[in-house]
Amino acid sequence: MHLGIVCGYGLILDQNLIKYLENVIKICENNKIYNLVLSGGYTSGKLDISEARLMFDFIQKHNREFNLILEEESLTTLHNLLESKKIIDNLGISYDMLYIFCDDVRFLKVCLLSKIIFNGQCIKVINLARKEPIIWYLIQIPSTVFQILGSIFPFIEKKILLSKQNWLKNKINNTGRGIS
Numbered sequence: 001m002h003l004g005i006v007c008g009y010g011l012i013l014d015q016n017l018i019k020y021l022e023n024v025i026k027i028c029e030n031n032k033i034y035n036l037v038l039s040g041g042y043t044s045g046k047l048d049i050s051e052a053r054l055m056f057d058f059i060q061k062h063n064r065e066f067n068l069i070l071e072e073e074s075l076t077t078l079h080n081l082l083e084s085k086k087i088i089d090n091l092g093i094s095y096d097m098l099y100i101f102c103d104d105v106r107f108l109k110v111c112l113l114s115k116i117i118f119n120g121q122c123i124k125v126i127n128l129a130r131k132e133p134i135i136w137y138l139i140q141i142p143s144t145v146f147q148i149l150g151s152i153f154p155f156i157e158k159k160i161l162l163s164k165q166n167w168l169k170n171k172i173n174n175t176g177r178g179i180s
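So that you can map any letter, position 129 of the sequence shown is 129 in my numbering, and since no number is skipped, the others follow by simple counting.
Errors might be hidden in some of the hints.
[Stated by the list, open to error] Listed next, the in silico SDA-like pairs over lysine to any residue satisfying Cα-Cα at most 25 Å (straight line):
no.: 1; residue 1: 86; residue 2: 131
no.: 2; residue 1: 19; residue 2: 65
no.: 3; residue 1: 159; residue 2: 169
no.: 4; residue 1: 124; residue 2: 141
no.: 5; residue 1: 131; residue 2: 144
no.: 6; residue 1: 26; residue 2: 70
no.: 7; residue 1: 85; residue 2: 75
no.: 8; residue 1: 61; residue 2: 44
no.: 9; residue 1: 85; residue 2: 131
no.: 10; residue 1: 164; residue 2: 42
no.: 11; residue 1: 32; residue 2: 118
no.: 12; residue 1: 131; residue 2: 159
no.: 13; residue 1: 169; residue 2: 140
no.: 14; residue 1: 85; residue 2: 157
no.: 15; residue 1: 86; residue 2: 159
no.: 16; residue 1: 115; residue 2: 69
no.: 17; residue 1: 124; residue 2: 89
no.: 18; residue 1: 131; residue 2: 157
no.: 19; residue 1: 32; residue 2: 129
no.: 20; residue 1: 124; residue 2: 159
no.: 21; residue 1: 131; residue 2: 89
no.: 22; residue 1: 26; residue 2: 69
no.: 23; residue 1: 85; residue 2: 69
no.: 24; residue 1: 85; residue 2: 171
no.: 25; residue 1: 46; residue 2: 57
no.: 26; residue 1: 86; residue 2: 59
Simulated from the structure, these hints should not be mistaken for lab results. This structure is a prediction, so every number in the text was calculated from the model and none was measured.
Whenever a hint applies, use it, and build me the whole structure from the sequences.
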């Protein structure tokens with residue numbers, strides 16, 4: 001059986017995200033990947049929806065054959081993979097090949113993290129094009145280093161998560177909105 005993890009990227013269903021999800025659906029259909037963990041948490045205080053739920057709603061409208069599992073806790077790429085692995089392990093899902101879908105910006109990070117988190121199991125990381133500013137590529141350099149360290153050392157992983165939670169709180173507070 002094939003299993004997929006789809007990393008979420010935001011809560012705005014713009015052309016970038018639509019194309020990303022359409023490509024995920026197409027690749028899954030072509031490779032008979034019908035079990036998908038949709039990974040992405042609540043990354044906005046303005047919207048009461050997770051990245052995983054947004055992807056779920058979109059994918060379900062386009063293909064009803066998928067078995068979709070929501071992972072709604074993650075706030076970073078590291079946590080997309082850690083939380084998805086927890087779900088896979090807790091549900092006892094076995095697979096012969098794990099496909100991880102991500103964007104071009106985070107491809108190297110996902111490749112490296114997946115080797116550590118999934119212990120070199122049969123994994124194929126599939127990167128899909130998304131238009132992103134060049135600064136996002138540059139930010140990935142230190143982010144990749146920190147998240148790799150977080151995948152090895154639990155105390156660093158917890159600091160990364162806390163830092164992201166604080167960043168989201170500050171972002172929300174600066175826009176005059178409380179956390180919902």
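Residue 19 and residue 65: Cα distance at most 25 Å? With a Cα-Cα distance of about 20 Å, the restraint between residue 19 and residue 65 holds, given a limit of 25 Å.
Residue 85 and residue 69: Cα distance at most 25 Å? holds, 12 Å
Against the 25 Å threshold, does the CA-CA distance of residue 86 and residue 159 hold or violate the hint? holds, 19 Å
Going straight from one Cα to the other, do residue 115 and residue 69 come out at no more than 25 Å? holds, 22 Å
Hint consistency between residue 86 and residue 59 [alpha-carbon to alpha-carbon, up to 25 Å]: holds, 23 Å
Take a quick look at whether residue 46 and residue 57 sit within 25 Å of each other, Cα to Cα. Holds, at roughly 19 Å.
Between residue 159 and residue 169, is the straight-line Cα distance small enough, at 25 Å or below? With a Cα-Cα distance of about 15 Å, the restraint between residue 159 and residue 169 holds, given a limit of 25 Å.
Between residue 124 and residue 141, does the CA-CA distance stay at or below 25 Å? Measuring from Cα to Cα gives roughly 22 Å; hence the hint holds.
Hinted pair residue 124 and residue 89, Cα distance within 25 Å: holds, 18 Å
Just to be careful, I want the Cα atoms of residue 131 and residue 159 compared with a cutoff of 25 Å; is the pair within it? violated, 29 Å
25 Å Cα cutoff - pair residue 86, residue 131: violated, 31 Å
Restraint check for residue 85 with residue 131, where alpha carbons must lie at most 25 Å apart: violated, 28 Å
Figure legend: structure checked against the earlier numbered hints; hints not met, in rising order: 1, 9, 12, 18, 20, 21 and 24.
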